[in-house]
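Respectively, the protein sequence lines represent chains B and Z.
According to our numbering, numbering within the first sequence proceeds without interruption in unit steps and concludes at 405.
According to our numbering, numbering within the second sequence proceeds without interruption in unit steps and concludes at 369.
Honestly, I wouldn't trust all of these hints.
[Said to hold, decoys possible] Pair by pair, the computed Cβ-Cβ distance ranges are:
1) Z/T225 to B/K278: 32 to 42 Å
2) Z/N172 to B/G153: 53 to 63 Å
3) Z/A100 to B/G53: 30 to 40 Å
4) B/G53 to Z/A281: 58 to 68 Å
5) Z/G126 to B/T356: 36 to 46 Å
6) B/G53 to Z/T315: 25 to 35 Å
7) Z/E328 to B/R179: 38 to 48 Å
8) B/T356 to Z/L255: 58 to 68 Å
9) Z/E254 to B/G53: 51 to 61 Å
[To be verified] A short, non-exhaustive set of chain Z residues, derived as facing chain B with CB atoms under 8 Å:
10) G57
11) A59
12) F63
13) G74
14) G85
15) L86
16) C107
17) N135
18) S136
19) V138
20) I140
Simulated from the structure, these hints should not be mistaken for laboratory data.
C-beta atoms are modelled at their ideal positions from N, C-alpha and C, and glycine is treated no differently.
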Amino acid sequence: MRDQAYAPSVAEGNHVTTCINPVWPCALTGAVSALSGFDGVAVVIHGSSGCYYYPATLLHRELHSTFLVEQDVVFGAGDRLLNVVSDLSDRYEKIAVVTSCVPAVMGEDIRTLLEGFDAMLVDSPGFLGGFEAGFREAAGLLPIRMMSGLAQVNIEGINLADPFGRGNQREACRLLSSMGIKPGVIFCHDSYNHLMEAPDLSISVNPDLNAVNGTSLGSILGIKEMKSTIQNLACALEGSDPVPAEDEIASVDETIVRVSDKYLKRHDPPSVAIFSTFSYAMFARETLKRYLDAEIVFCGSRSVLPESVPGIEHVTSLSRISEIINNTCPDLVLGSSFEQSLTGNFAFSGLSPPLRGSIRLSSRPIAGTEGLLGFMEDVLNASMDQKKRLKF
Amino acid sequence: MSSKTLPLPISRTGGCTLTGALAVTTSVTDSITLIHGPDGCAHHNFSLLHATLLDNGNLRIPNVMSSGLTEDDIIFGGEPSLAQAIAMACDKQPRVIFILSTCITDTIGDDVQGICRNSGVNICYIPTSGFFGGQFDDGFSNSLIAIAKFVKEKNAWQGEIKGERGLRVNLIGEKNLEYEVEQNFLEICRLLALLGISINIRYIHEITTDDLYTLPLADLNILREPSLANVGKILLELFGVPYLDSFPIGLDGTLRFLRDTGRALGISSEQAISREEECQRSMLAEFSNLAGRKVYRTNPVDPNGSSVMAEIMGRIGLCEDEDGDGIPVPVPLPVGTCGIRRMLHRWRRATT
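Just chain B, with the same shape it has in the complex (with noise of 0.2 Å):
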């Protein structure tokens, strides 16, 4: 169905915040998963044993929590907070604390509390908003010695939530390697004293988490940014060279087209409803035009929205993502295994955690060379898979 346009419904854009079946986590979570991916650094979840199970079994990091209870609140959580601090204080290089909802309105004085300790606080309470919005603040509060003439160059967006984030660090690194530059810092999965020798160079492999000061020489999520991006290196350090990363993008590209060729031959285009983040749903979206001149009949972002895109809209209740499936009737869904679950003659890729009922071991990436033809494969196999489904 290709002709069927999507109709926002009234509670988009009118500031509605109801939410059913929310499929994005709160601002906290997004924090205590910068903060965790930094070795030595002790994360404390200022909260209940509720707000503090759901990272836990999410990131599968040792994580501390003071584990609030009642009388805590009623009469002061302070020391409760400082017991803990003051046990994990030996162990670890930093304390990060990090406050749920309800500390962050007791009013209690908690930066006073916390003097005396190597500690460092993140207000990021549930209410402030996404888990973009709690990662960056998390990691634009880390103690980072920025150095410049270093030959190296740090890698920003890699989230231990994201299931494609330990391979986009490989290939992040492997693509570095490739132009002879060796990586700096890696935001937010390295070790704490790393940041005290961080360059002032960074790439990123998804933009939505960026929250590091000093020079962004671009990303590595699609193939006009990578090319883009490694110019940008080659500019910017001496002595790199690119030859070997554009020469490995132009085959990628040239596979690619070649396959992509060989199923617009037999098949129409795909209509593809996007549901992701908001850079890896614009990757996705550039991609599949590329390559597929695909229609995209939906693209949504789990993300608040950085600026006005035309084509793209913040969406995060299952219910309205169900809406719009039914309303737009795509070939293709890409999204986490929330929308593999949605009823319809649709094939799925998944493109956003979570992505559960299946096995993930290996190291996927989505972000650089590696990261596309994974891509490209994955929707094409899912595409043809689902035809041949429908055929008999």
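Mind docking chain Z on chain B? Use the hints.
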């Protein structure tokens, strides 16, 4: 050290009441559960429930809604957002709307009950209050109680009368997030069938609002575990239905379950017990090659677990030895004879 002591043994790690309550309310399949709080609270729990349902092979998407509180609501009050969310939930035409409060809405003092009372729609308010309301288990049992009171108040059942279709029991408080919840249910059905008894409803596991209204029609309530005794007592007060305090645990415990069920319903259980004894003998014979093996087990979380494990090990002929092979002790303990059989397969693998 803090000079402030905690009142009595409160667990700091018992989870959130919301998760416990949602494990119950989202299992009413034609309902919507509205969480009055920030989206994050709803997402965390929705995501957990969705993952658990997928893991259990259930593709149903739980209906969880959030009033989506933002910083402005926290400052100026969240009641208008709740009223708006209720109106939106009504548009979806659910049979019932369950409303759960969160820790932040209790902190800012929103009158959730007042908004619910004045909304004029089919609402069941469950004052969960996030961690102010206790922990996971409190949310779970309090929601079972609140919904039972809702059923009593509605008194909406217009169908058959009690006893019309023979003896029936309700299963109360199945652990909906448990991986083997369906296997345990099937085991209870098998055992009850030996007595010629059928299930009225699974309170509350994958049922509709109409099913809920038949809650009073059972002749006996069987609780999932003794910690739900308070729920059993309230159901007895509300509907006059007696209860058994647990699913069957252990070999002798399974036979006792048959005896107690028969006694509670005024029927003979001798034949059923005899058949189950034969079933147990046959099952244990499958594992006779484990006899004499040295094994080591951890202490079960359940206080009755040690005696149950000792009973099973004794019947099999396993020898407890600190240097023996480690055998897994399931949490929660296996239900009925079939649950023990599954555990013994795991023990055999661990000692091979």
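Each hint, compared with the structure:
For Z/T225 paired with B/K278, a C-beta distance near 50 Å fails the hint of 32 to 42 Å. Separated by about 57 Å at the C-beta atoms, Z/N172 and B/G153 satisfy the suggested range of 53 to 63 Å. Taking the beta carbon of each, Z/A100 and B/G53 are about 48 Å apart, not inside 30 to 40 Å as hinted. Range check, B/G53 to Z/A281: Cβ separation about 60 Å, and the 58 to 68 Å hint holds.
Judged by the Cβ atoms, the range 36 to 46 Å given for Z/G126 and B/T356 holds: they are separated by roughly 42 Å. Between B/G53 and Z/T315 the beta carbons are some 33 Å apart, a value that agrees with the proposed interval 25 to 35 Å. A beta carbon spacing of about 47 Å between Z/E328 and B/R179 agrees with the range 38 to 48 Å that was offered as a hint. Take B/T356 and Z/L255: their Cβ atoms lie about 38 Å apart, and the range 58 to 68 Å is violated.
Roughly 56 Å separates the CB atoms of Z/E254 and B/G53, a value that falls within the hinted 51 to 61 Å. Nearest Cβ of chain B to the Cβ of Z/G57: about 2 Å, under the 8 Å cut. The hint holds. Interface hint status for Z/A59: upheld, as the beta-carbon distance to the closest one in chain B is roughly 5 Å, under 8 Å. Satisfaction of the interface hint for Z/F63 is found here, the shortest Cβ-Cβ separation to chain B being roughly 5 Å, below the 8 Å cut-off.
For Z/G74, the interface hint is violated, since its Cβ never comes within 8 Å of a Cβ in chain B; the closest pair sits about 10 Å apart. Checking Z/G85 against chain B by beta carbon gives a least distance of about 3 Å; that is within 8 Å, so the hint holds. Given the 8 Å rule on beta carbons, the hint for Z/L86 holds: about 5 Å separates it from the nearest Cβ of chain B. With its C-beta approaching chain B no nearer than about 12 Å, Z/C107 sits outside the 8 Å limit, and its interface hint is violated.
Interface hint status for Z/N135: violated, as the beta-carbon distance to the closest one in chain B is roughly 18 Å, over 8 Å. Hint on Z/S136 is violated. Least Cβ distance to chain B is approximately 14 Å, over the 8 Å limit. Proximity of Z/V138 to chain B is violated relative to the hint, the smallest CB-CB distance being about 15 Å (cut-off 8 Å). For Z/I140, the interface hint is violated, since its Cβ never comes within 8 Å of a Cβ in chain B; the closest pair sits about 15 Å apart.
Figure legend: structure checked against the earlier numbered hints; hints not met, in rising order: 1, 3, 8, 13, 16, 17, 18, 19 and 20.
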